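Asks: Spelled out, the chains give:
Number of protein chains: 2
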Amino acid sequence: MTFKTAATIASFGGKLLKLTHTASSTGCEMALNLYLPPQAIRNGQKVPVLFYLSGLTCTGDNCAEKGFFQYGASQKGIAIVYPDTSPRGLKIEGEDDAYDFGSGAGFYIDATAAPWSTNYKMETYITSELPKSLFSSFSELDSSRVSITGHSMGGHGALTLFLKNPGMYKSVSAFAPIANPSNCPWGEKAFKGYLGEDREIWKKHDATELIKGWKGDLDILIDVGTGDNFYKQKQLLPENFVEAAKASGNDKGLVVRYQDGYDHSYYFISTFATDHINHAAKYLFR
Amino acid sequence: MTFKTAATIASFGGKLLKLTHTASSTGCEMALNLYLPPQAIRNGQKVPVLFYLSGLTCTGDNCAEKGFFQYGASQKGIAIVYPDTSPRGLKIEGEDDAYDFGSGAGFYIDATAAPWSTNYKMETYITSELPKSLFSSFSELDSSRVSITGHSMGGHGALTLFLKNPGMYKSVSAFAPIANPSNCPWGEKAFKGYLGEDREIWKKHDATELIKGWKGDLDILIDVGTGDNFYKQKQLLPENFVEAAKASGNDKGLVVRYQDGYDHSYYFISTFATDHINHAAKYLFR
Chain A
1 MTFKTAATIA SFGGKLLKLT HTASSTGCEM ALNLYLPPQA IRNGQKVPVL FYLSGLTCTG
61 DNCAEKGFFQ YGASQKGIAI VYPDTSPRGL KIEGEDDAYD FGSGAGFYID ATAAPWSTNY
121 KMETYITSEL PKSLFSSFSE LDSSRVSITG HSMGGHGALT LFLKNPGMYK SVSAFAPIAN
181 PSNCPWGEKA FKGYLGEDRE IWKKHDATEL IKGWKGDLDI LIDVGTGDNF YKQKQLLPEN
241 FVEAAKASGN DKGLVVRYQD GYDHSYYFIS TFATDHINHA AKYLFR
Chain B
1 MTFKTAATIA SFGGKLLKLT HTASSTGCEM ALNLYLPPQA IRNGQKVPVL FYLSGLTCTG
61 DNCAEKGFFQ YGASQKGIAI VYPDTSPRGL KIEGEDDAYD FGSGAGFYID ATAAPWSTNY
121 KMETYITSEL PKSLFSSFSE LDSSRVSITG HSMGGHGALT LFLKNPGMYK SVSAFAPIAN
181 PSNCPWGEKA FKGYLGEDRE IWKKHDATEL IKGWKGDLDI LIDVGTGDNF YKQKQLLPEN
241 FVEAAKASGN DKGLVVRYQD GYDHSYYFIS TFATDHINHA AKYLFR
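First to last, the sequence lines map onto chains A and B. According to this note's numbering, the first sequence is numbered sequentially starting from 1. According to this note's numbering, the second sequence is numbered sequentially starting from 1.
Read the hints as simulated data drawn from the structure, not as lab findings. Predicted, not measured: the structure shown is a model, and the values here were computed from it. Any given hint might turn out to be false.
For identical chains, the list gives no copy identity; a pair is met inside one copy or between any two copies.
Taking lysine-lysine pairs in the DSS-like style, the calculated list, with each CA pair at most 30 Å apart, reads [to be verified]:
(1) 76 / 46
(2) 246 / 234
(3) 234 / 18
(4) 18 / 232
(5) 18 / 203
(6) 76 / 282
(7) 164 / 215
(8) 4 / 232
(9) 215 / 192
(10) 252 / 18
(11) 189 / 203
(12) 18 / 91
(13) 18 / 204
(14) 282 / 18
Whole structure, please, built from the sequences with the hints as guidance.
Replies: What follows is the structure, given as structure tokens:
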């Protein structure tokens, strides 16, 4: 349950901690970054927490370096958790063979198909083990105020973990999410590998299916770049998510912004990071 | 004189252009990034220009990805030029042998010692060929309003090019500059290699010597992190620069801020980037 701190880096008046811990859900050492804003350090007060789930190929480092979340987080007084995107170094056959499956591509679900089902428990890790470990180790973090966001695979992770767990997160937003994985190449490959062939089971892990069953209010901010090649290649399918929200009457609070000319990179994320911080802050400080 | 555009990337409402051109001063193809803020694109107006000179091992990419100058530049309406740090790919013996000499380590001077003197003309490239090429190719850029900043080796480059060329730049600032290269291991190695053994000649390229001869007003902003290992190892020596400024009466407008706990990384640069944009804006828009 305890973390090792590999480095403490000053950033925007706060501290970015490069952490590792041994996770039982994934059966391996997991690395992550935790940003503590100046409000947590100077005042010793409890601050709310925003989980940022990264996309394919990333670790928790990419967005901490290039996402510009620390700027807005330092203004508002929000801690940011940047977890890794999968277990690593397990020596499962094929784990490092592709950028879109295995290492760096855990898809924030609990795998049920062998050989992945033993360790690829990213849903349990992100929603249970990691927050529990963080809240017991860092008294600065307020366990009653947690929001979630993410990019691409992580944008889908944020949407699904929010929709699967009513009340767990105060708000959700996403950058260029893989919004309907059951119907795109990335998602089909991952779901087949981690969950097996039964598409009925996939529905429990697909944001476009999950939003159909949502009861209550929603306020979801999604940004998608119109110059995003993965959007053009129909890996993201935000339209399917919007359509499902409309069909189920869950579109009132859904804002999907198509950002002119933006791509899938951290240049896109950094440009709109503060908007997503502000979206979370509305609920974390209400 | 013309540029090839390898990519155009949307960032903070403007465009980051990944450019290459064949430079005669360095005798090779040079890569750079040019950020055009939204004001240059939307209004078709001329915008002032801030040159950002990078440190050892970097290219023009690192700060464009991790420095967050685009945020402040988009607010103020300033174009940013991120040049490379040396010629590359020349097949000069030893050019890739060390991180602190040769490729990635041009030190923004014109080499006079063989074999570097043929191509390592970074001072001419940065102060003459590159701006001329940019101003003739990009009518959005206002050649009459140019400022300069930089980090580490590039912080020293900014200080020296400003001090050597009164009137060329409207303002100067620096992050963790190598402030007195004649007296630190990085600088001694570079000056010996590029300029030869005569330390009298080195003085013409050392900011701590150059500030002694400055006539007129000065307003220099320098940030140095107290947790910067290179500062602790006496590679930076900002105290020598301050002392030389005081001894010559040139310290009135010199502000050196020691930032508590910050290191030498882009986490440090990004935290204070907007302060340096604002410092430049004072003079670019006066």
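Asks: Now, for every hint given, state plainly whether the structure supports it.
Replies: Okay, the hints, checked on the actual structure:
no.	hint	result
1	76 / 46	within (13 Å within a copy, 35 Å between copies)
2	246 / 234	within (20 Å within a copy, 63 Å between copies)
3	234 / 18	between (35 Å within a copy, 27 Å between copies)
4	18 / 232	between (35 Å within a copy, 22 Å between copies)
5	18 / 203	neither (35 Å within a copy, 42 Å between copies)
6	76 / 282	both (10 Å within a copy, 27 Å between copies)
7	164 / 215	within (11 Å within a copy, 68 Å between copies)
8	4 / 232	between (42 Å within a copy, 25 Å between copies)
9	215 / 192	within (29 Å within a copy, 72 Å between copies)
10	252 / 18	neither (39 Å within a copy, 40 Å between copies)
11	189 / 203	within (14 Å within a copy, 63 Å between copies)
12	18 / 91	within (24 Å within a copy, 39 Å between copies)
13	18 / 204	neither (33 Å within a copy, 43 Å between copies)
14	282 / 18	within (28 Å within a copy, 37 Å between copies)
In the structure shown, a violation is registered for the earlier hints numbered 5, 10 and 13, in ascending order.
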